[in-house]
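We have chain A; now place chain B onto it with these hints.
2 protein chains.
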Amino acid sequence: MIYSEKELASLESFYSNQLLNSTIPFWFPRSYDQEHGGYLLMRDADGSLIDDDKAVWIQGRATWMLSTLYNTVEQKAEWLEGAKLGYDFLNQHCFDADGQMFFHVTREGKPIRKRRYFFSETFYVIAAAAYAKASGDETAAANARRVFDLCIQYATTPGLLQPKYTNTRPSKGIGVPMIMMNTAQQLRETIGYAPCDEWISKWIHEIETSFVKDDIACVMEQVAPDGSIIDHIDGRTLNPGHAMEGAWFILHEAKYRNNDPHLIDLGCRMLDYMWERGWDKEYGGILYFRDVYNKPVQEYWQDMKFWWPHNEVIIATLLAYLMTGKEKYASWHKMVHDYSYKHFLDPEYGEWFGYLHRDGTIAQTAKGNLYKCPFHLPRQEWYCMQILKSYLS
Amino acid sequence: MIYSEKELASLESFYSNQLLNSTIPFWFPRSYDQEHGGYLLMRDADGSLIDDDKAVWIQGRATWMLSTLYNTVEQKAEWLEGAKLGYDFLNQHCFDADGQMFFHVTREGKPIRKRRYFFSETFYVIAAAAYAKASGDETAAANARRVFDLCIQYATTPGLLQPKYTNTRPSKGIGVPMIMMNTAQQLRETIGYAPCDEWISKWIHEIETSFVKDDIACVMEQVAPDGSIIDHIDGRTLNPGHAMEGAWFILHEAKYRNNDPHLIDLGCRMLDYMWERGWDKEYGGILYFRDVYNKPVQEYWQDMKFWWPHNEVIIATLLAYLMTGKEKYASWHKMVHDYSYKHFLDPEYGEWFGYLHRDGTIAQTAKGNLYKCPFHLPRQEWYCMQILKSYLS
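Keeping their order, the protein sequence lines are chains A and B.
Taking this note's numbering, I'd label the letters of the first sequence as residues 1 to 393.
Taking this note's numbering, I'd label the letters of the second sequence as residues 1001 to 1393.
Extracted from the complex, chain A is given alone in its bound form:
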């Protein structure tokens, strides 16, 4: 199948309508914490609050989302004021004395937990960068660049962060080059930062040479430092939705680089390999984890359907289709789009449920918790709306 211009226009207005009339209004303005700053985002299906704690990743991601809507969709004062609440909360409460960020704080901003990786920091970078662009706040821009440099240090200096494992079986994950690539892309496209292009090229090279395995048609989630497969449970575990998110980060870069054919080919190979491994041919939807050799996986929720891989695959397939015109990508996009909006969308209160059983039934009703928040879904609806708009214009 292919999408006609009319179908693409109708998709564009579907995503725009969902974003602005279902997803964003579910969260805002009611989640603004006018008393303590930041956002109250742990909510049940009907929007009632489950917990008033604040997950730091999520304070950053919501700040980014609100700033980005302000920067690209409409300069609504409510969005900019909301973004400032999150940005200020991050600065006031989410950094430890050693410069690392916390993972989880109380409503008032007292620390509950710090973790041994730096994803809170990468979300701070995109939040501060997008907020700097929205507000014109030069300190925010400087903070974004400074914490980005810190992330580079964490990513490139072994032992700087306390390790979770010994050195007996060293490994590296695709998560670091992926998130750093996306962080650099955001930084570049909001406030600009000279080192970004070179770093992005390095991380793409790292993904291509270490994680993408053409001989077995697979993108690994974790490999040995030399890129070889670690034949143990953890080393064999694939995360198809995550790898397909990586595919669209690379397609996005290909687009930025005047449709660089090598990057288009790389992104499409990653998508092809992991669609085949991730799409559930029995029930539809994207399986969470798979073993590279089809053995059992350790993680218990391995065959559940989570919201976010579906958001990432909706973007990846649509972008691949628009950039290549290949029919299979339109078919895949339609399959994952139809599955997702049929199974995850809550027709009563808006937004998506987060967690389905393999067979598509709802496993639990949370709309927001320590990990789920206004990020993957609104980002997908916003990104798809933007690329369709630019394609149709």
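No lab work stands behind these hints: they were computed from the structure.
No more than 27 Å apart at the CA atoms, straight line, and that leaves these computed lysine-lysine pairs for DSS-like:
#1 A:K172 x B:K1164
#2 B:K1295 x A:K110
#3 B:K1326 x B:K1006
Keep in mind the model is a prediction, meaning the values are calculated, not measured.
Same frame as chain A, now just chain B:
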């Protein structure tokens, strides 16, 4: 319903037959690692090896199980030799230089991961104690008592182990008094150790006064230091199968203490409260996690059916029935027994699958991995066989 003597005798021979002709032969002797010591226990449904790594908990648990079979069922040389393989591996490879144990090592015994709690140590204690009884090895007995004392130190000295959370919202879990109670019971019933009775009384008091909530008919998994409920996602999360395991540890203690009526009442209350919250009235089986106020839970596998809560509830309901004669416990035992042997048992290769979806379908085929091993199922079959034997004799 009640169980007739004949039905109890038939249950006894069912458990004995399952234990000795299905469960144990699935694992041993093929899992003995004659080359590097210890056991190779990460296996798929058909027994094929998924991974040759060794989880330290599990090396200890399997050593305990083999020693216990030797001590109580039959003095088979194969079991004692197998126990020695595990006991020696634990001593040679599983302790770090600081005296703490690792969590996960390679086949050769090189450390992969150490965790911030001391469950590896408690399983070492029961392994060394049971092995000391089986072998007459006095050093093993001394090691069991020494590491038990160390566990007491870890459990009672705040800050001795590196904490995972800050001090902003202090909490304590039922896991520590539960596992320490069971460890002390094992120690007492194998090689004996004078301090055990007093510690067991303290931990039961701790469970009763801090975790058992009669006003809301609930056993909490985590509370504030003063025993109050922490009204956040983690603090509200219940683990019904775990609490019912605690119930039978207390009933076991009641039996040891000449059917102490207070302890029988406490164990039965815990069982009553958590059966009501854990039994799935729609599909049968024990739900993994529940929220005390029925809100959504953070953990993704919250409504899956895992093998081990079923083992613990089979023991708890049978023991409660034999100790009180109350009909409801026979009914509950029959419900959980029938559900479990219908859904978890693998009729082709023996042993149980570990992970079912809420509706009872099999989520994945592993028989052994980092957590599943020859422990909960053979312990259940062995324990039920023993109490039925003693009841029928």
